[in-house]
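K.L.:
One-letter residues, chain by chain:
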Amino acid sequence: GDSVTQMEGPVTLSEEAFLTINCTYTATGYPSLFWYVQYPGEGLQLLLKATKADDKGSNKGFEATYRKETTSFHLEKGSVQVSDSAVYFCALSAFGSYIPTFGRGTSLIVHP
Amino acid sequence: DSGVTQTPKHLITATGQRVTLRCSPRSGDLSVYWYQQSLDQGLQFLIQYYNGEERAKGNILERFSAQQFPDLHSELNLSSLELGDSALYFCASSVVVSTGTDTQYFGPGTRLTVL
Numbered sequence: 001g002d003s004v005t006q007m008e009g010p011v012t013l014s015e016e017a018f019l020t021i022n023c024t025y026t027a028t029g030y031p032s033l034f035w036y037v038q039y040p041g042e043g044l045q046l047l048l049k050a051t052k053a054d055d056k057g058s059n060k061g062f063e064a065t066y067r068k069e070t071t072s073f074h075l076e077k078g079s080v081q082v083s084d085s086a087v088y089f090c091a092l093s094a095f096g097s098y099i100p101t102f103g104r105g106t107s108l109i110v111h112p
Numbered sequence: 113d114s115g116v117t118q119t120p121k122h123l124i125t126a127t128g129q130r131v132t133l134r135c136s137p138r139s140g141d142l143s144v145y146w147y148q149q150s151l152d153q154g155l156q157f158l159i160q161y162y163n164g165e166e167r168a169k170g171n172i173l174e175r176f177s178a179q180q181f182p183d184l185h186s187e188l189n190l191s192s193l194e195l196g197d198s199a200l201y202f203c204a205s206s207v208v209v210s211t212g213t214d215t216q217y218f219g220p221g222t223r224l225t226v227l
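Quick note, the sequences are listed as chains P and X, same order.
The numbering of the first sequence is our numbering, which starts it at 1 and goes up by one.
The numbering of the second sequence is our numbering, which starts it at 113 and goes up by one.
In case anyone wonders, no lab produced these hints; they're calculated from the structure.
Among the hints, erroneous ones may be present.
Taking lysine to aspartate or glutamate pairs in the EDC-like style, the calculated list, with each CA pair at most 20 Å apart, reads [unchecked claim]:
1. P:K60 - X:D113
2. X:K121 - P:E42
3. X:K169 - X:D141
4. P:K56 - P:E42
5. P:K68 - P:D84
6. P:K56 - P:E69
7. X:K169 - X:E187
8. P:K60 - P:D84
9. X:K169 - P:E42
To list a few chain X residues with every Cβ distance to chain P over 12 Å, as calculated [what the hints assert, rightly or not]:
10. Q118
11. Q153
12. L155
13. G164
14. L173
15. P182
16. D183
17. E187
18. G219
19. R223
All C-beta atoms, glycine included, are put in the ideal place defined by N, C-alpha and C.
Could you build all of it, start to finish, from the sequences and the hints given here?
P.N.:
As structure tokens, then:
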């Protein structure tokens, strides 16, 4: 079945550091890929998405590129802020599927 | 604010009891999804409804049931509660039945504590 694997956290960085959170997936067909973010005490919210190979999703300084050849969708940001501290979830949704698959989440802690 | 509302925000109850969680989707969204989030299991998809009909089931226990009403709000019923049911329960909504590209909008969650 479909699956998403994320790097284990927590990831701890200083403000203005470069961020990478790895995400790889296994799926049949050509899924859409998502990154959701969960701030403390809140629900998940969409950060960015990509629906086909080589697409780059971007939002709020975060980027991720859909790499079909490596089945990856790594999240990057050039300079993190304290306000980026949250849990980040990678997810996929296979075309025509009603059931999304989420990774286990990666906690990011950014220190001033 | 995602536009998805969930009530109650917190719920504390005892083992063996039954509770009902309520969700109102964003205006115009026909699909409602329920998720359970716990520390050991992560985010688990439970069930999806589209315009009043059940469309997909995930890891939902037989003690749990859900429905979506004509006004599109949804309720998740949890019965014969066990300590292990303590978790955050999220509702999400989307515009249409998932074609794989739909964005889901999550509510703030209901934190259930079973004592």
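K.L.:
Next, verify each hint and record whether it holds.
P.N.:
How the hints compare with the structure:
For the hint linking K60 (chain P) to D113 (chain X), the alpha-carbon distance of about 17 Å falls within 20 Å, and the restraint holds. In summary, the hint linking K121 (chain X) to E42 (chain P) is supported, as the alpha carbons are separated by about 11 Å, within the 20 Å threshold. Restraint check for K169 (chain X) and D141 (chain X): the C-alpha separation of about 19 Å stays at or below 20 Å, so the hint holds. In summary, the hint linking K56 (chain P) to E42 (chain P) is not supported, as the alpha carbons are separated by about 26 Å, beyond the 20 Å threshold.
With a C-alpha separation of about 27 Å, the suggested pairing of K68 (chain P) with D84 (chain P) is violated against the 20 Å cut-off. Using a Cα cut-off of 20 Å, the hinted pair K56 (chain P) and E69 (chain P) holds, with the two alpha carbons roughly 15 Å apart. At most 20 Å may separate the alpha-carbon atoms for a hinted pair to count; K169 (chain X) and E187 (chain X) meet this at roughly 15 Å. Taking the CA atoms of K60 (chain P) and D84 (chain P), the gap is near 10 Å; set against the 20 Å cutoff, the hint holds.
Restraint check for K169 (chain X) and E42 (chain P): the C-alpha separation of about 24 Å exceeds 20 Å, so the hint is violated. A beta-carbon of chain P is positioned within 12 Å of the beta-carbon of Q118 (chain X); the least distance is around 8 Å. Non-interface call for Q153 (chain X) relative to chain P: violated, since the shortest CB-CB distance, roughly 9 Å, does not exceed 12 Å. The Cβ of L155 (chain X) does not lie farther than 12 Å from every Cβ of chain P; its closest approach is about 5 Å, which violates its non-interface assignment.
Listed as outside the interface, G164 (chain X) is consistent with that label: its C-beta sits roughly 15 Å from the nearest C-beta of chain P, beyond the 12 Å cut-off. Every beta carbon of chain P lies more than 12 Å from that of L173 (chain X), the smallest distance being close to 16 Å; the non-interface claim holds. P182 (chain X), annotated as away from the interface, keeps every beta carbon of chain P farther than 12 Å; the closest lies near 21 Å. For D183 (chain X), the condition that its CB be more than 12 Å from all CB atoms of chain P holds, with the nearest at approximately 21 Å.
Non-interface status of E187 (chain X) relative to chain P is upheld: no Cβ of that chain comes within 12 Å, the nearest being about 18 Å off. The non-interface label for G219 (chain X) is inconsistent with chain P: the shortest C-beta to C-beta separation is roughly 5 Å, within 12 Å. A beta-carbon of chain P comes within 12 Å of the beta-carbon of R223 (chain X); the shortest separation is about 10 Å.
Taken one by one, the earlier hints fail for this structure at numbers 4, 5, 9, 10, 11, 12, 18, 19, listed in ascending order.
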